[in-house]
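K.L.:
Spelled out, the chains give:
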Amino acid sequence: MTPSSAAQRSLIDTVKAAKKSSDAQQPYRELGLADNEYARIKEILGRRPTSSELAMYSVMWSEHCSYKSSKVHLKQFGDKVPVEAKDILLVGMGENAGVVDIGDGWAVTFKIESHNHPSYVEPHQGAATGVGGIVRDILTMGARPVAVMDSLRFGPANAPDTARVLPGVVSGVGGYGNCLGLPNIGGEVAFDSTYLGNPLVNALCVGVLRTDEIKLAKADGPGSKVVLFGARTGGDGIGGASVLASASFEAQGKTKRPAVQVGDPFAEKVLIECCLEIFAADLVTGIQDLGAAGLSCATTELAAAGTGGMAVDLDLAPLRDETLVPEEILMSESQERMMAVVTPKNLSAFMAICEKWDVTATVIGEVNDSGRLTMRWHGEKIVDVPPRTLAHEGPVYQRPIRRPYDQDALNGDHGNGLPRPKTGEKLRSTALKLIASPNLADKSWITDQYDRYVLGNTVLAQPEDAGMVRVTDERWRAEHDGEDSTLGLALATDGNGRYTRLDPYAGAQLALAEAYRNVATTGARPLAVTNCLNFGSPEDPAVMWQFSEAVRGIADGCQQLGIPVTGGNVSFYNQTGTSPILPTPVLGVLGLIDDVTRRTPMAFDQDGHQLYLLGDTRDEFGGSEWAYVMHGFLGGKPPAVDLDREKLLADVLINASRDGLVDAAHDLSDGGLFVALAESCLRGTTGVRVIVPDDVDPFVFLFSESAGRAIVAVPRTEEVRFTDMCTARRLPATRIGVLDVLESAIEVQGQFRLPLAELRTAWASTLPDLFG
Amino acid sequence: MTFPGSLDDRDALRAVRLAGAEPVPLWHGEKWLSDVVAVVLPGGFSYGDYLRAGAIARFSPAMQSVIDGAKNGMPVLGICNGFQVLCEAHLLPGALIRNDHRKFVCRDQRLRIENAETAWTNQYEAGQEIVVPLKNGEGGYVADPATLDALEADGRVVARYLGDNPNGSYRAIAGITNEAGNVVGLMPHPEHAVEELTGPSTDGLAFFTSVLQKLVGIPA
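Residue numbers (this note's numbering), protein chains in the order written: chain W, 1 to 772; chain L, 1 to 220.
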């Protein structure tokens, strides 16, 4: 034994010692536990916790892991699952990610998760490990990860700190995802001053598996071995989940270690391939990744979901740093680690596959039926707890809720008096200014740093309305004469903090509706929802009001649209001082398309196609890009939500795609019709000639953000069939112009003409000018 | 050929299959190459690009067999990371360094085929322009002036970037070949331009039909 470990041994806090000194002072407050929470731990254990147990309770009962403030609200997602969706949900909320049946024996698992705080502290590693964590969640379900997306929010684009944070986050998302060989197929980026000290980095991953291959996080069968595999455990990311610095650990001579985890995508890539080979050989009874709260989380969740007991010898955990003490080992958030439960019969085959991939794998414990999770260190028992009390029976709070004092004033200040452009010339300069604003400008400076091609199944990727990948594999080809499947998945994420600030219930529904519409625009049928709820402090009643309204909006909206929430993540405490971020629920919608060759892209490429605007345009500028960019104004009410209309629009878009009635389609959202026209023209090869309908104000026509709208390019040969379909279904469809390959401009008749070259320069130069 | 950290290995298999050949997955740890008649070293980050991109992969057991085969005329195509491996293995001259703008770049790249005689490009016309995806972080091709002059003089530059140089490669070189024309290294990804559905074009397929023409005389 080395001198340092001998010194450690004398400091080990054992269960025996805890029984003898139940009133000893413990640093529970520093670890983020409240007085009542600490009292409850003592009550559960019938003694004070050991320092290791205290570490475990503190991370497992942290807001991040326990959802203690959000649980009472999130319950609605389960209570309001749409009837029609119940039979497609193979695994619902609560597991690592929900699993949806997509037919033909295939299933899909997808989830979005935040990594906001680490990405502010250390943008590159914070964002990289955000991607790594969500990919492991998907892998843990038994699925092969097939694509990633990222939803990002930053401070003002020209702020000095954004120049530090944004390039780091982008290189982190790209660097990690690219090295894993996962195509990045979409997402969004937006800027607002409230995100300056608190950027949002939400990463989404989607994976594909067979319905008979689902894996769950449970430790079943007494005698089964608990195997820790992947990277060694180091001192990085300790307490990343519960934001702590413990006085007592420093007293033991530890230097401060980075609270942000450090990622190694190569280790993760190898771990993915290793796991998939293990899954294919059906060698595990349960599996869990090590993310937030590391070993504490994996051991308690596995034990709680299975036979009920587990005995772990912590000395066996392979360490990167031999000086780590048990509390640190239990809280470390070192990346690229997994834990599997393997029967003794399968153990040697399991180990052989790990060896093939050079993955370190170590048996550190065994499943039993004691109902207790016990851990030993240097021969002493240091943990003896009922695992459910950590994993599932943490504190639950009904936090106080209060409508913000300024909400009425905010909604009452409608901004109808803001000066609007009245002439063609003014409309033109407004259009140019909007398209060059950071929120609407070309994002390829960012997305060109992401590999969208790898795996060879990407059918659509950013800036398309939704990302789309083909669902296929070797087994399918073997069973179908070497042909790939035509089945495809579409995915879109959306969120609008300004709308949500004005009305959290409606704002969350607008985000849901936009992601739903984006998926339908490509021709895919929306199927399921994931969400990442980014809010300020839950201890602020005004924030809690925003949160509860947003959750209610999402739950009601999903019920009405007939698509279930399958999982997601809550991120609280997004604020700088006492100023919270704009409430930002990010909604991810998954859709399905039977034949990917029928997908509808957004580009205008077809000379002479008729341009139709679907839906109703109203004078709606509350929370709009126009008000924000031209006047720096936020007030009034967001656009009206009509989810029945969204369903109707989606039906028309999906049928039109399947029947070949439209060759291009693009959803209308931020910046309204003009921005959608510009994006479709710049993505393609034609210009457009547009006519403003007689009864509409040109400004409202071009820039209103009314929801439930899309533009479509209809071949002349299909025009009658298409308009007949819209009429029969009672969807307003207005012919507003024609695609013109010779025009090379957006010409709004009687108002202005904007050459595409000029438009492209304004649109494409904003981010490169800012970020190099 | 799959190394730990290979990423585009499945795509290379698909491209070979779509070209009409039978793809055989190879594992870096196996010295025996399963009697294959040509090898594709795919893109990715073999061994995490630790040390230098491709620097560790060249020492794998399978690479020893590839090197022996290449010297005996077996067609070998190294794409992206595979190109880096071929340079590290000294089957091709020069080296690939980090992009001059220091960022990863993914885009649809225009190329001009300069040499349509190699085992991997004989189904193109010399001077033909194609579009295939490019995606790399370390794609800048560099060599000393004498080597570059020799490559140009011998017609061993296989493909050149058109438009903006995407990564700072000397003389806009996107791909080169060895003296015998059986070993080709290419930074862009022809295996991602083999289907209308998923690629910007199908311009990349001819790399794979070329090697069939070379080996068994199947016309494209």
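Heads up, a few of these hints could be off.
DSSO-like, lysine-lysine: derived pairs with alpha carbons at most 27 Å apart [stated by the list, open to error]:
{"no.": "1", "chain 1": "W", "residue 1": "Lys75", "chain 2": "W", "residue 2": "Lys647"}
{"no.": "2", "chain 1": "W", "residue 1": "Lys443", "chain 2": "L", "residue 2": "Lys103"}
{"no.": "3", "chain 1": "L", "residue 1": "Lys31", "chain 2": "W", "residue 2": "Lys356"}
{"no.": "4", "chain 1": "W", "residue 1": "Lys80", "chain 2": "W", "residue 2": "Lys647"}
{"no.": "5", "chain 1": "W", "residue 1": "Lys42", "chain 2": "W", "residue 2": "Lys356"}
{"no.": "6", "chain 1": "W", "residue 1": "Lys381", "chain 2": "W", "residue 2": "Lys225"}
Everything labelled a hint here was simulated from the structure, so no lab data went into it.
K.L.:
Would you mind marking each hint as holding or not holding in the structure?
P.N.:
Comparing the hints with the structure gives:
no. : hint                  : in the structure
1   : W:Lys75 <-> W:Lys647  : 25 Å, holds
2   : W:Lys443 <-> L:Lys103 : 15 Å, holds
3   : L:Lys31 <-> W:Lys356  : 15 Å, holds
4   : W:Lys80 <-> W:Lys647  : 18 Å, holds
5   : W:Lys42 <-> W:Lys356  : 46 Å, violated
6   : W:Lys381 <-> W:Lys225 : 19 Å, holds
Taken one by one, the earlier hints fail for this structure only at number 5.
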